[in-house]
Amino acid sequence: MMAEASALPRRLLRTQRQRNVVNGLLFAAPWILGLLLFYVYPIFSSLYYSFCDYSILQAPKWAGVRNYLTLFTNDEKFIKSIYNTLYYAFFALPLGLVWGVGIALLLNMKVKGVSIYRTIYFLPVLVPDVALGILWLWVFNPQLGILNALLWKWFHIVGPGWLSDPAWAKPSVIIISLWGVGQAVVIYLAGLQDVPQELYDAAEVDGANAWQRIRHVTIPMITPVILFNLIIGLIGAFQYFTTAYVITTGDGRPALSLMFYAMYLYQNAFVLYKMGYASAMAWLLFLAAVVSSYALFRSSARWVYYGGQ
Amino acid sequence: MSKAITRRALLRQAAATTGVVVLMACQPAKPAEKPTAEVVQQPTAAQPAPAGKLVIDFWDPSTPESAWAKSKKAILDDFNAKSEKIQVNMVFKPTTGQTQMSEALLTAIAGGTPPDSAYFDRFIVPTWAAENSLTDLTELANAAGIKAEDYFPFAWKEASGWKGRLWALPHDTDDRAVYINVEKAQKAGLDINNPPKYIDEFDQWAEAMFEYEGPRLITAGFIPWAQQGWIYSYGFSWNGKFFDEEKQQVTANDPRIVAACEWMASYSKKYDIATIDSFSQAFGQEAQEPFVMGQLAMTYDGDWRIASVQERYAPDMEYIVIPMPYPKDGGRVATWAGGWSLVIPRGAKNVDAGWEFISFFTNVDNMVKFCVETSHIPTRTESAKDPRFRENKWHAVFMDLLPIADARPPLPIGQFLWTALAEARDLIVHLTKTPQEALDDVTKRANEEMKKYQS
Amino acid sequence: MAGETAPSQVSTVSGNVRRRRLWRRIGRLWGHLALIPLSIVYMIPFFWMLSTALKTDRQVMVWPPVWIPNPVAWDNFPRAIAFFPFWRFLANTLTIAVLAMLGILISSSLVAYSLARIRWPGRDLLFGITVATMMLPYQVTIIPLFIQFTRFKWINTYLPLIVPAWFGGAFYIFLLRQFFMTIPQELSDAARMDGASEFRTFYQIVLPLARPALATVLLFEFLARWRDFQGPLIYLQDPRKYTISLGLSYFRLEHSTEWQLLMAASLTLTIPIIILYFLTQRTFIQGIALTGLKG
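Chains as they are written, first to last, in the working numbering: chain D, 127 to 435; chain G, 790 to 1244; chain L, 38 to 332.
No lab work stands behind these hints: they were computed from the structure.
All C-beta atoms in this analysis are idealised placements derived from N, C-alpha and C, irrespective of residue type, glycine included.
Hints may contain errors.
[Claimed, not checked] Cβ-to-Cβ under 8 Å is the rule here; a few derived chain G residues that face chain L:
#: 1; residue: Ser851
#: 2; residue: Glu854
#: 3; residue: Ser855
#: 4; residue: Phe881
#: 5; residue: Gln1099
#: 6; residue: Ala1103
[Claimed, not checked] List of simulated lysine to any residue pairs, SDA-like, C-alpha gap at most 25 Å:
#: 7; chain 1: G; residue 1: Lys1240; chain 2: D; residue 2: Arg192
#: 8; chain 1: G; residue 1: Lys1117; chain 2: G; residue 2: Glu1238
#: 9; chain 1: D; residue 1: Lys206; chain 2: G; residue 2: Ser1057
#: 10; chain 1: G; residue 1: Lys1222; chain 2: D; residue 2: Arg424
#: 11; chain 1: G; residue 1: Lys1233; chain 2: D; residue 2: Lys236
#: 12; chain 1: D; residue 1: Lys187; chain 2: L; residue 2: Tyr79
#: 13; chain 1: G; residue 1: Lys859; chain 2: L; residue 2: Ile184
#: 14; chain 1: G; residue 1: Lys1138; chain 2: G; residue 2: Arg954
#: 15; chain 1: D; residue 1: Lys206; chain 2: G; residue 2: Ala1211
#: 16; chain 1: D; residue 1: Lys279; chain 2: L; residue 2: Ala228
#: 17; chain 1: G; residue 1: Lys1030; chain 2: G; residue 2: Glu1051
#: 18; chain 1: D; residue 1: Lys203; chain 2: G; residue 2: Leu1220
#: 19; chain 1: D; residue 1: Lys187; chain 2: G; residue 2: Lys1241
#: 20; chain 1: D; residue 1: Lys279; chain 2: L; residue 2: Ala71
#: 21; chain 1: G; residue 1: Lys842; chain 2: L; residue 2: Asp275
#: 22; chain 1: D; residue 1: Lys236; chain 2: L; residue 2: Leu66
#: 23; chain 1: G; residue 1: Lys1240; chain 2: D; residue 2: Tyr174
#: 24; chain 1: G; residue 1: Lys986; chain 2: G; residue 2: Asp1195
#: 25; chain 1: D; residue 1: Lys236; chain 2: L; residue 2: Asp112
#: 26; chain 1: G; residue 1: Lys1059; chain 2: G; residue 2: Asp992
#: 27; chain 1: G; residue 1: Lys1138; chain 2: L; residue 2: Phe189
#: 28; chain 1: G; residue 1: Lys936; chain 2: G; residue 2: Glu1171
#: 29; chain 1: G; residue 1: Lys1058; chain 2: D; residue 2: Thr199
#: 30; chain 1: G; residue 1: Lys1030; chain 2: G; residue 2: Ala1211
#: 31; chain 1: G; residue 1: Lys859; chain 2: G; residue 2: Ser1164
#: 32; chain 1: G; residue 1: Lys1233; chain 2: D; residue 2: Val417
#: 33; chain 1: D; residue 1: Lys203; chain 2: G; residue 2: Pro1192
#: 34; chain 1: G; residue 1: Lys1182; chain 2: G; residue 2: Ile1193
#: 35; chain 1: D; residue 1: Lys279; chain 2: L; residue 2: Leu70
#: 36; chain 1: D; residue 1: Lys236; chain 2: L; residue 2: Arg248
#: 37; chain 1: G; residue 1: Lys1058; chain 2: G; residue 2: Asp992
#: 38; chain 1: G; residue 1: Lys1182; chain 2: G; residue 2: Glu1075
The following block holds chain D by itself, in its conformation from the complex (with noise of 0.2 Å):
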């Protein structure tokens, strides 16, 4: 096939490439507009914003790189968000990965009844947030929740204080967000089903146990969806909010141990009308992000297989 491309003459291969620009746009046609329609305004008026006083009641008002100065000279709880997001981040994406991938691994085993399991992870996600709240505060309430309950009965520990103890707060919401792996398990299921059945038999052949199978057939295969669920869970965590959110009423209780860097960023828009300070908190948070996450893409071309290319 390829032999024969290149013993096409060149005037017809340059109208193949002219073919993919006009076929490549006009597939991307709705998406670019879009961008132009719902994105380019918000995006750029956000980006004044972080330049100005905004109240949103009133039009902003030009404040140079005051906003900016602030966060970073004057502004405890600015650090002081920006560590506990970056703790969350560092333990719940590895954690969550890993989580993930195990499930979906066990989740995808031809057993009887898989399909039930499945529905079973994924209730989870139909739970509304506010019951999730209430929930979570009893599961790990120190005096009466089952967490310390079955840590006694068990084990024999004493269990800590969690979301109480400002020193457990964070692990205890890790914790929760392993629990909520039920949308990424959902799309580890989508791409470990274009695996082709072929590749396990050959390894199989070859004398591959389960485990090297995994190893070697499955988990490369499916390093497009890891790398996607990544991505998608370093923007979460950097964005991290919800759930604290509900589970601390807004204030990131117990002294600020709860104060994600999304967190602060809502409250300076909505509660103290200071959204052009929280658009500057969010061009900061949007700049480490699009670095992280070059620098991910940059690495994913030494362990991303993708099949099609």
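Following the hints, complete the assembly by docking chains G and L onto the known chain D.
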């Protein structure tokens, strides 16, 4: 050639689909099925008003099935029946998160599509006024003969906190005091007929009512930061000043306020904050809430507790209510009041119609009617004279406190200051910062924020 | 590939096969052992929802929680449905969800195809921009977006909630791009050599191979629309147009929340999602056979 055709087909298809989508989205929603069960609060239809009436919107955060909403709806319906020219539409806009105000109102103002009237947290009136988002009602009020003396001082102070103009019509309010569990007090050998007046004796009462079972805490005599125990609560009792009018500076680090916070922190140290934290995490809600369950022997809470908690979940429980005790030297009887108001956002299309509605809504009789039905407290002195507010002898205590009640300083940075103090309280109580440090920090940051409004 | 084995190895092979089958069975047992306790943990919130939905007012906030309600308040369900304009809000939400789902599927797959299967200059730039749009927190763009929609005069309609979906969504474009990139290039090349248009290759070759991913896109978008609270809150000014997420906030009264009714309503509303999920899973189990492919 086939490629070109397909491309054109693609575009045609896209255009057609978009057209269909737009058409479908413009159609009105399907009519609801009539439920056969109990009466349902149907959302007020934005129907074409009867015979050429002007239709205006009233945005309200109270849930349609709540007593609160139903009472307002009754007043609204009454207005619609009586008014020949105006029809008011009640639109439920739920609040989100920490604030008492819906994000929807914020975005509507930003987008230039505000309603003609709204139910609004009085506490943020000065902020919105300073941001030029409320209609100045001073002239309208003067014409209608509404004056400061009609209202309790704290309410008028908040409504006219920005540049001395009137920005809102105060509606209802609430205030706070200490509830004491009679049974627990008697069990601890305290004389319930002589409740403490000063803070020293109060601390002794609290100590006597802390109950332990071995190492486990089962009753807390008092937890200063529980329920309504904010820095404002004790700052006022210690006679501290949060804002210096002359210098126009926030003074959250007033030595008396620092002293009040030292007092709060003393409970953290004496009774071990970790123990109290895990103890209070076990507090339930509603029928299982701590005062009713005996986990808190005394609590600083609002007047609404009487109707919404005590009468509802524990009608047989004996309790008394006293004003918050204070330091003998330099303190005073104090409480602070919050509550609601009605406003006309700036940019509303029908200001006069809006005014007719909100002034009707907040007149003496309607205010009495509303507050009696919902067990709230009125801001009008005339309305407060209604004997029904004193039927419950403990509610009378709350009514007595109204003339001397404080409002939180009506500053354009009101919400900012509230949030900063709430966080300071969190840090102070967890002994992460000393009161002086925390309050110095709050003062500094608040004054920096104030600068924006002072040029 | 599964081919011939030398005759001398046959007996060893069958021995291996038997051993492997045993290991496989043991492996599956381990799987069950791992999945079952975890399943119980994962089900806890759902059990709690179910349990709360059947409790009476008194029992809801009992601490520590009671698992089996007594008495069982079956009437919570009809009461919850009567508490707010359930059917109207449901119809509204379904309208929005279905229209958005269709839009996002069509548009995102088209765009993802462009980014994954066509080589053109600027596609990597567009891809980068796409992913980047997800990195700016939504809180700072909703105000200008709202202002944009006021300019279009779309406030108090469903348009802001539906129309953008027809232009694509970054999340789904990214997802589908990843999936499309796993499909062997040879298939597209073969089709192209056979004279098929790009669109036909897209529609007849690539899309069918990505069915699980497409089903996932539909499921997720449905879920997102179902739960969206902020969008309907700020764009809809007429309560008749409200959606179920706004309807659920009817249960939060002034000083208390009707938890049992809220849970009952929420449970009822999960039914369409669970149905959709099952349908999605069926495409997964069908799987994909890449026949006649040389490695």
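Verification of the hints:
no.	hint	result
1	Ser851	6 Å, holds
2	Glu854	6 Å, holds
3	Ser855	4 Å, holds
4	Phe881	6 Å, holds
5	Gln1099	12 Å, violated
6	Ala1103	12 Å, violated
7	Lys1240/G <-> Arg192/D	14 Å, holds
8	Lys1117/G <-> Glu1238/G	35 Å, violated
9	Lys206/D <-> Ser1057/G	23 Å, holds
10	Lys1222/G <-> Arg424/D	44 Å, violated
11	Lys1233/G <-> Lys236/D	64 Å, violated
12	Lys187/D <-> Tyr79/L	49 Å, violated
13	Lys859/G <-> Ile184/L	33 Å, violated
14	Lys1138/G <-> Arg954/G	21 Å, holds
15	Lys206/D <-> Ala1211/G	17 Å, holds
16	Lys279/D <-> Ala228/L	64 Å, violated
17	Lys1030/G <-> Glu1051/G	16 Å, holds
18	Lys203/D <-> Leu1220/G	17 Å, holds
19	Lys187/D <-> Lys1241/G	11 Å, holds
20	Lys279/D <-> Ala71/L	21 Å, holds
21	Lys842/G <-> Asp275/L	18 Å, holds
22	Lys236/D <-> Leu66/L	12 Å, holds
23	Lys1240/G <-> Tyr174/D	22 Å, holds
24	Lys986/G <-> Asp1195/G	19 Å, holds
25	Lys236/D <-> Asp112/L	41 Å, violated
26	Lys1059/G <-> Asp992/G	11 Å, holds
27	Lys1138/G <-> Phe189/L	20 Å, holds
28	Lys936/G <-> Glu1171/G	12 Å, holds
29	Lys1058/G <-> Thr199/D	33 Å, violated
30	Lys1030/G <-> Ala1211/G	17 Å, holds
31	Lys859/G <-> Ser1164/G	13 Å, holds
32	Lys1233/G <-> Val417/D	35 Å, violated
33	Lys203/D <-> Pro1192/G	38 Å, violated
34	Lys1182/G <-> Ile1193/G	19 Å, holds
35	Lys279/D <-> Leu70/L	21 Å, holds
36	Lys236/D <-> Arg248/L	20 Å, holds
37	Lys1058/G <-> Asp992/G	14 Å, holds
38	Lys1182/G <-> Glu1075/G	23 Å, holds
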